[in-house]
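If you're matching them up, the sequences are chains P and S in order. The opening residue of the first sequence carries number 0 in numbering that gives the first Met the number 0; numbering runs sequentially from there. The opening residue of the second sequence carries number 0 in numbering that gives the first Met the number 0; numbering runs sequentially from there.
Wrong hints could be hidden among the right ones.
What the hints assert, rightly or not - List time: in silico SDA-like cross-link candidates among lysine to any residue, alpha-carbon distance up to 20 Å: (1) P:K151 x P:L210; (2) P:K62 x S:D135; (3) S:K62 x P:R134; (4) S:K62 x P:A212; (5) S:K62 x P:L131; (6) P:K62 x S:R134; (7) P:K62 x S:G138; (8) P:K62 x S:L131; (9) S:K62 x S:V86; (10) S:K62 x P:R126; (11) P:K62 x S:Q215; (12) P:K62 x P:L165; (13) S:K62 x P:Q215; (14) P:K62 x S:E137; (15) S:K62 x P:F133; (16) S:K62 x P:R213; (17) P:K62 x S:R126; (18) S:K62 x P:G138; (19) P:K62 x S:F133.
As the list claims (entries may be wrong) - If you want the ones that stay clear, here's a sample from chain S, every Cβ over 12 Å from chain P, calculated: (20) D13; (21) G32; (22) G40; (23) G146; (24) R153; (25) L165; (26) A197; (27) A207.
Unchecked claim - If you want the footprint, here are the derived chain P segments under chain S, 3+ residues with CB under 8 Å: (28) 53–62; (29) 66–80.
Please keep in mind that the hints were generated in silico from the structure rather than gathered at the bench. Keep in mind it's a predicted model, so treat the numbers as computed, not measured. Even for Gly, the Cβ is constructed at its ideal location relative to N, Cα and C.
There are 2 protein chains.
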Amino acid sequence: MHGPDASNLLERLDALTQAALLQGFHQRQLVEGELLGSPNGERDSVFIVRSGRIRVFLAFEDKEYTLTFLEAGGIYSTHSQAYVQAVRPSEVLMGDTVQTMATLRSLPSAVPAIIRVLGATLDNCMRIIEDLAFRDVEGRLARFLDGMLARKGRPHQGSLRLELDLNTEDIAQLLGTTRQTVSSLLNRMAREGILSRAGNGVFDIHDAERLRARSQ
Amino acid sequence: MHGPDASNLLERLDALTQAALLQGFHQRQLVEGELLGSPNGERDSVFIVRSGRIRVFLAFEDKEYTLTFLEAGGIYSTHSQAYVQAVRPSEVLMGDTVQTMATLRSLPSAVPAIIRVLGATLDNCMRIIEDLAFRDVEGRLARFLDGMLARKGRPHQGSLRLELDLNTEDIAQLLGTTRQTVSSLLNRMAREGILSRAGNGVFDIHDAERLRARSQ
DNA sequence: GGCAAGCTGTCTGCTGGCTGACAGACAGCC
DNA sequence: GGCTGTCTGTCAGCCAGCAGACAGCTTGCC
Numbered sequence: 000m001h002g003p004d005a006s007n008l009l010e011r012l013d014a015l016t017q018a019a020l021l022q023g024f025h026q027r028q029l030v031e032g033e034l035l036g037s038p039n040g041e042r043d044s045v046f047i048v049r050s051g052r053i054r055v056f057l058a059f060e061d062k063e064y065t066l067t068f069l070e071a072g073g074i075y076s077t078h079s080q081a082y083v084q085a086v087r088p089s090e091v092l093m094g095d096t097v098q099t100m101a102t103l104r105s106l107p108s109a110v111p112a113i114i115r116v117l118g119a120t121l122d123n124c125m126r127i128i129e130d131l132a133f134r135d136v137e138g139r140l141a142r143f144l145d146g147m148l149a150r151k152g153r154p155h156q157g158s159l160r161l162e163l164d165l166n167t168e169d170i171a172q173l174l175g176t177t178r179q180t181v182s183s184l185l186n187r188m189a190r191e192g193i194l195s196r197a198g199n200g201v202f203d204i205h206d207a208e209r210l211r212a213r214s215q
Numbered sequence: 000m001h002g003p004d005a006s007n008l009l010e011r012l013d014a015l016t017q018a019a020l021l022q023g024f025h026q027r028q029l030v031e032g033e034l035l036g037s038p039n040g041e042r043d044s045v046f047i048v049r050s051g052r053i054r055v056f057l058a059f060e061d062k063e064y065t066l067t068f069l070e071a072g073g074i075y076s077t078h079s080q081a082y083v084q085a086v087r088p089s090e091v092l093m094g095d096t097v098q099t100m101a102t103l104r105s106l107p108s109a110v111p112a113i114i115r116v117l118g119a120t121l122d123n124c125m126r127i128i129e130d131l132a133f134r135d136v137e138g139r140l141a142r143f144l145d146g147m148l149a150r151k152g153r154p155h156q157g158s159l160r161l162e163l164d165l166n167t168e169d170i171a172q173l174l175g176t177t178r179q180t181v182s183s184l185l186n187r188m189a190r191e192g193i194l195s196r197a198g199n200g201v202f203d204i205h206d207a208e209r210l211r212a213r214s215q
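Model the full structure from these sequences, guided by the hints.
The following block contains the structure:
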């Protein structure tokens, strides 16, 4: 989410490699709000999302910045300074990082896929830095919507419908700003005819052209 | 630079593995200001810095944000949306990414090192995001100085001397702010007795305690 | 029905930091 | 000496966006 998805690791591997890699992984059910990992967490794990929705975020004092939402197929690691939390009931496959590294030694065919996943995560981070360092909130919002449009937009009555299932606060945390600012920007764009809101978390984009122009 | 260094890849490998990995790499001399890579550059390369100083930065319109400076031992890739530029005459060992990936398949012992390097780069990116999303410029500056202190500080007449070889503008670009703001913050810290400036790019930190407190 | 919880919209005041402009200090060079 | 280029310090003006407060709307529950 928020840009091209962290690539689906499993799709890129043949069945045998897949099975070998996932040896030692165990399935885990998460309830809504459950923390999978936090900075300085005891144990390093890698995990793959089977279902549900996982939020990866940074926190400092009482602010939070969402790095990404993971859905089915998403892969991440609980090391790093990020918090990892299920925002709804979810299922994940978890494995120990150290053990997975060891498995990799005897599974060279999986290496390029792994490196590509890491590379995609890195790209995502760089995009975020670019956003935070250079763009104002309106630019970030436009870029976010434009990116989601490419991934999730569906034609609907002459416009493009975007069902994000995110509320204003969620979007604000993805952009590193406040709910109030997102709210007023979205309404300004609505007034300008760029989009309209068709219920909570549902947007109809009427002028993708102008949206993209704003994301530069 | 700017936090723990992107780990020195070569140190972590035995001589044989090293030689195998660097097969096909070629040495290249860079003059000051030379661009090694830019977003949408034709060819993907990996490179290792032998000497000199390389700046990795993002650019947008007329602003630039420096992600890191690489010195001897540093490793990076020219893929990604970053620009890579020699800020002084430098020597690098360059290799083709695709070919290096292929080499890796038959060199499983190098995989953990590679993954660790990628992981360190990712950690650095996350630290930057944390800074940009949560901290004001003074906090970022304090954190930057504190980090450099740990890596480059040398006792000097009862204080800790920091020879950064960076001017105010360079620091501003590392922090995502302007030269003027950095200048006034440094002078405020000097007035408060936290540090003093002993020439361009040289700082004496008198109160590391209070510096750290400001970086939270 | 009433009540609470969650989501949204809007207003107001305040401020961190950007921008542009200018001046002083210093080094190297002709 | 004067000239140029590089680096630094400082000031005034301005504004994007934060923070707090409040109101309206829905939904679900007792």
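Cross-check of the supplied hints:
1. For the proposed pair K151 (chain P) and L210 (chain P), the alpha carbon gap of about 15 Å is at most 20 Å, so the pair holds.
2. Under the criterion of a C-alpha separation no larger than 20 Å, the hint pairing K62 (chain P) with D135 (chain S) is consistent with the structure, at around 13 Å.
3. Taking the CA atoms of K62 (chain S) and R134 (chain P), the gap is about 10 Å. The hint holds against a cut of 20 Å.
4. Distance restraint check for K62 (chain S) and A212 (chain P): the Cα-Cα separation of roughly 19 Å lies within the 20 Å cut-off, and the hinted pair is therefore satisfied.
5. Of the supplied pair hints, the one linking K62 (chain S) and L131 (chain P) holds, its CA atoms being roughly 12 Å apart against a limit of 20 Å.
6. For the proposed pair K62 (chain P) and R134 (chain S), the alpha carbon gap of about 10 Å is at most 20 Å, so the pair holds.
7. Of the pairs offered as hints, the one joining K62 (chain P) and G138 (chain S) holds, with about 15 Å between alpha carbons and a cut-off of 20 Å not exceeded.
8. Under the criterion of a C-alpha separation no larger than 20 Å, the hint pairing K62 (chain P) with L131 (chain S) is consistent with the structure, at around 12 Å.
9. Under the criterion of a C-alpha separation no larger than 20 Å, the hint pairing K62 (chain S) with V86 (chain S) is consistent with the structure, at around 17 Å.
10. Taken as a hint, the K62 (chain S) and R126 (chain P) pair is honoured in the structure, with Cα atoms around 15 Å apart against an allowance of 20 Å.
11. For the given pair, K62 (chain P) sits about 14 Å from Q215 (chain S) by alpha-carbon distance, which is consistent with the 20 Å threshold.
12. At most 20 Å may separate the alpha-carbon atoms for a hinted pair to count; K62 (chain P) and L165 (chain P) meet this at roughly 18 Å.
13. Between K62 (chain S) and Q215 (chain P) the alpha-carbon distance is near 14 Å, which keeps this suggested pair within the 20 Å criterion.
14. Between K62 (chain P) and E137 (chain S) the alpha-carbon distance is near 18 Å, which keeps this suggested pair within the 20 Å criterion.
15. Of the supplied pair hints, the one linking K62 (chain S) and F133 (chain P) holds, its CA atoms being roughly 7 Å apart against a limit of 20 Å.
16. Simply put, K62 (chain S) and R213 (chain P) have alpha-carbon atoms about 18 Å apart, close enough for the 20 Å limit, and the pair holds.
17. Among the hinted pairs, K62 (chain P) with R126 (chain S) is consistent with the structure: their alpha-carbon atoms are about 15 Å apart, no more than 20 Å.
18. Note on K62 (chain S) and G138 (chain P): the hinted pairing holds, with a Cα-Cα distance of about 15 Å set against a maximum of 20 Å.
19. For the proposed pair K62 (chain P) and F133 (chain S), the alpha carbon gap of about 7 Å is at most 20 Å, so the pair holds.
20. For D13 (chain S), the condition that its CB be more than 12 Å from all CB atoms of chain P holds, with the nearest at approximately 15 Å.
21. Under the 12 Å C-beta cut-off, the non-interface status given to G32 (chain S) relative to chain P holds; the minimum distance is some 22 Å.
22. Even its closest Cβ contact with chain P, about 15 Å, leaves G40 (chain S) beyond 12 Å, as expected for a residue assigned away from the interface.
23. With a least beta-carbon separation of about 14 Å from chain P, G146 (chain S) lies farther than 12 Å from that chain, consistent with its non-interface assignment.
24. For R153 (chain S), the condition that its CB be more than 12 Å from all CB atoms of chain P holds, with the nearest at approximately 29 Å.
25. Distance check for L165 (chain S) against chain P: the nearest CB is about 18 Å away, which clears 12 Å, and the non-interface claim stands.
26. For A197 (chain S), the shortest C-beta to C-beta distance to chain P comes to about 30 Å, beyond the 12 Å cut-off, and the non-interface label holds.
27. With a cut of 12 Å on Cβ distances, A207 (chain S) stays outside the contact zone with chain P, its closest approach being about 22 Å.
28. Evaluation of the coverage hint for the stretch 53–62 of chain P: fulfilled, as 4 residues show C-beta separations to chain S shorter than 8 Å, against a requirement of three.
29. Restraint check on the stretch 66–80 of chain P versus chain S: 4 residues with Cβ-Cβ distances below 8 Å, three needed, restraint holds.
Against the hints set out earlier in the document, no violation occurs for any number.
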